[in-house]
Amino acid sequence: MNASAAALDLADIPERIQSEVQRAIQRSIKGVEYIASSGPALGSTPKDILHVRGTMNLYHYRPIADEIYRVPILIVMATTNRGYILDMVPGQSFIEFLLKRGYDVYMLDWTAPRPEEKSLRMEDYVLDFIPDCVRRVQQDSGETDVTVIGYCFGGVLSLLYGSIFNDGPMKNLICFTTPVDFREMKLFQNFSDRRYFDVDRLVDSVGNVPPEMILSSFDMLRPASRVVGQIQLWENIWNDEFVKSYRMFDRWATDTLPLAGEYFRSITKDLMWDNKLFNGTMSVGGRAADIANIKVPILHAVAEHDHIVPYDAAKHLIQKVGSADKQEVMLKGGHVSLVAGANAIKRLWPKLDSWLCERST
Amino acid sequence: MADKSNDPVAMWQNMIGEMEKGFNSFANKAMESPEFSKVVNQVGGATAGAQKQLGELMEKYLVSMNLPSRAQMVSMAERLQSIEGQLNEIKALLHQVHSNSAAPGGGYPAAPRPPRTRRPPSAGGEQK
Numbered sequence: 001m002n003a004s005a006a007a008l009d010l011a012d013i014p015e016r017i018q019s020e021v022q023r024a025i026q027r028s029i030k031g032v033e034y035i036a037s038s039g040p041a042l043g044s045t046p047k048d049i050l051h052v053r054g055t056m057n058l059y060h061y062r063p064i065a066d067e068i069y070r071v072p073i074l075i076v077m078a079t080t081n082r083g084y085i086l087d088m089v090p091g092q093s094f095i096e097f098l099l100k101r102g103y104d105v106y107m108l109d110w111t112a113p114r115p116e117e118k119s120l121r122m123e124d125y126v127l128d129f130i131p132d133c134v135r136r137v138q139q140d141s142g143e144t145d146v147t148v149i150g151y152c153f154g155g156v157l158s159l160l161y162g163s164i165f166n167d168g169p170m171k172n173l174i175c176f177t178t179p180v181d182f183r184e185m186k187l188f189q190n191f192s193d194r195r196y197f198d199v200d201r202l203v204d205s206v207g208n209v210p211p212e213m214i215l216s217s218f219d220m221l222r223p224a225s226r227v228v229g230q231i232q233l234w235e236n237i238w239n240d241e242f243v244k245s246y247r248m249f250d251r252w253a254t255d256t257l258p259l260a261g262e263y264f265r266s267i268t269k270d271l272m273w274d275n276k277l278f279n280g281t282m283s284v285g286g287r288a289a290d291i292a293n294i295k296v297p298i299l300h301a302v303a304e305h306d307h308i309v310p311y312d313a314a315k316h317l318i319q320k321v322g323s324a325d326k327q328e329v330m331l332k333g334g335h336v337s338l339v340a341g342a343n344a345i346k347r348l349w350p351k352l353d354s355w356l357c358e359r360s361t
Numbered sequence: 001m002a003d004k005s006n007d008p009v010a011m012w013q014n015m016i017g018e019m020e021k022g023f024n025s026f027a028n029k030a031m032e033s034p035e036f037s038k039v040v041n042q043v044g045g046a047t048a049g050a051q052k053q054l055g056e057l058m059e060k061y062l063v064s065m066n067l068p069s070r071a072q073m074v075s076m077a078e079r080l081q082s083i084e085g086q087l088n089e090i091k092a093l094l095h096q097v098h099s100n101s102a103a104p105g106g107g108y109p110a111a112p113r114p115p116r117t118r119r120p121p122s123a124g125g126e127q128k
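Quick note, the sequences are listed as chains A and B, same order.
Residues in the first sequence are numbered from 1 upward in steps of one, following this note's numbering.
Residues in the second sequence are numbered from 1 upward in steps of one, following this note's numbering.
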């Protein structure tokens, strides 16, 4: 360090102290506000419930544009999490973005399966819930073709659906951070090591797999991050934008859903243990579900720093599908910031729009 | 403003970030071992079994106290959900009837949907 830089630093010290004192005061005031108030309202883009059946919910978002693309979109959410990650707040909502760009958007979202829904199997999701929603989208929109967008495990369900119903009506498929090679989900693999993890005993004793267990397994992937997140929240509690964003993402991340017992058993045995999706040996309800059967245009968006679905687990999707028109895009960000937040607004959303608009007429 | 290398707040934030990365990486390495899986699943299995037994015991206790059990509350919630579901079905049917009749002035459900004629910017010029 040279003398002039040191002098400049010394001159800055009173200003820096003043700023830190102000922040400390703000922290105390805002800290009380934080405890006393609820977070921002999430998922508020106007929508209508088209159909509810147990854990399955089908919404239609009210179009905003004066003129919309012919092909409607059905978003299939991951069964572990709520769909409002794609509809946070105005200006940070993927759904709102799609509506403004002239798409007609439907969402298949999930609520916690009831105790008697513990018997729901993979086939209920792939051969019943998704086709039922696709039919209702067709009926409501008056269109035969439907674009399907699957997020994370919603992507896996969409792949299974697309490989079985490969003669339509799915016109395009977009997957976000979708695993195909489950051997590469190293930590999940270890948590569910067949030598020690007795999935039958678990499912037989608890019915639906509790959300706390799902949340702990996600948290264990980055065990220090929750504590560090809270330290960062305290440091930045004077900053309203930071707090708003923290609350949105924290609420969503902890709002984990239980998983239907039989469905979880199938995920563990067929995907985690036998890696059937990757091996091309997967079947659902006795019907072969080889993703090589998928021939529609497909876009797969993956995140460079995804700690939940590492790239090695996702990279085979594009190689294995049978589509001629297929593309993978790798974008900066993590599993969640790929689809929501400032990164997504700049990177994924415009990319997706430019790919999809050409294929939605 | 002091440069980042001299700023104690930036240094603290940087240290926290590095600690987070280091701890996560260390923990992930430890969790990759088969021993970890064995211990976690033994504990998890025992906890699930104990939870089930405790639940059954509580159920008996609540019955003896003439209080509703969790199962009964869940059953009531299910009935409410079922009623909610049926209301949604009725709402959807009404929506459909409204749309079919296309009655004017009926708010959103009867409002005509925008035409499905939108073209991508490259094919139709500037995007609307």
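Possibly wrong hints are sitting among the right ones.
[Said to hold, decoys possible] Only pairs whose alpha carbons sit at most 30 Å apart, straight line, appear in this in silico DSS-like list of lysine-lysine:
1) B:K91 to A:K186
2) B:K38 to A:K186
3) A:K269 to B:K91
4) A:K315 to B:K91
[Stated by the list, open to error] Here are the in silico distance ranges between beta carbons for each label pair:
5) B:R79 to A:E20: 29 to 39 Å
6) A:D250 to B:K52: 23 to 33 Å
7) A:D240 to B:N14: 53 to 63 Å
8) B:M19 to A:S216: 53 to 63 Å
9) B:H98 to A:G286: 39 to 49 Å
10) A:H307 to B:M76: 50 to 60 Å
11) A:E20 to B:H98: 55 to 65 Å
12) B:S69 to A:D250: 47 to 57 Å
13) A:Q18 to B:S69: 53 to 63 Å
Bear in mind the hints are in silico, worked out from the structure with no lab data behind them.
Here the structure is a predicted model, which is why all the values come from computation and not from measurement.
Glycine is no exception: its CB is placed at the ideal position from the N, C-alpha and C atoms.
Note to self: Please list, smallest to largest, the hint numbers that this structure does not respect.
What the structure shows: 1, 3, 4, 5, 7, 8, 10, 12
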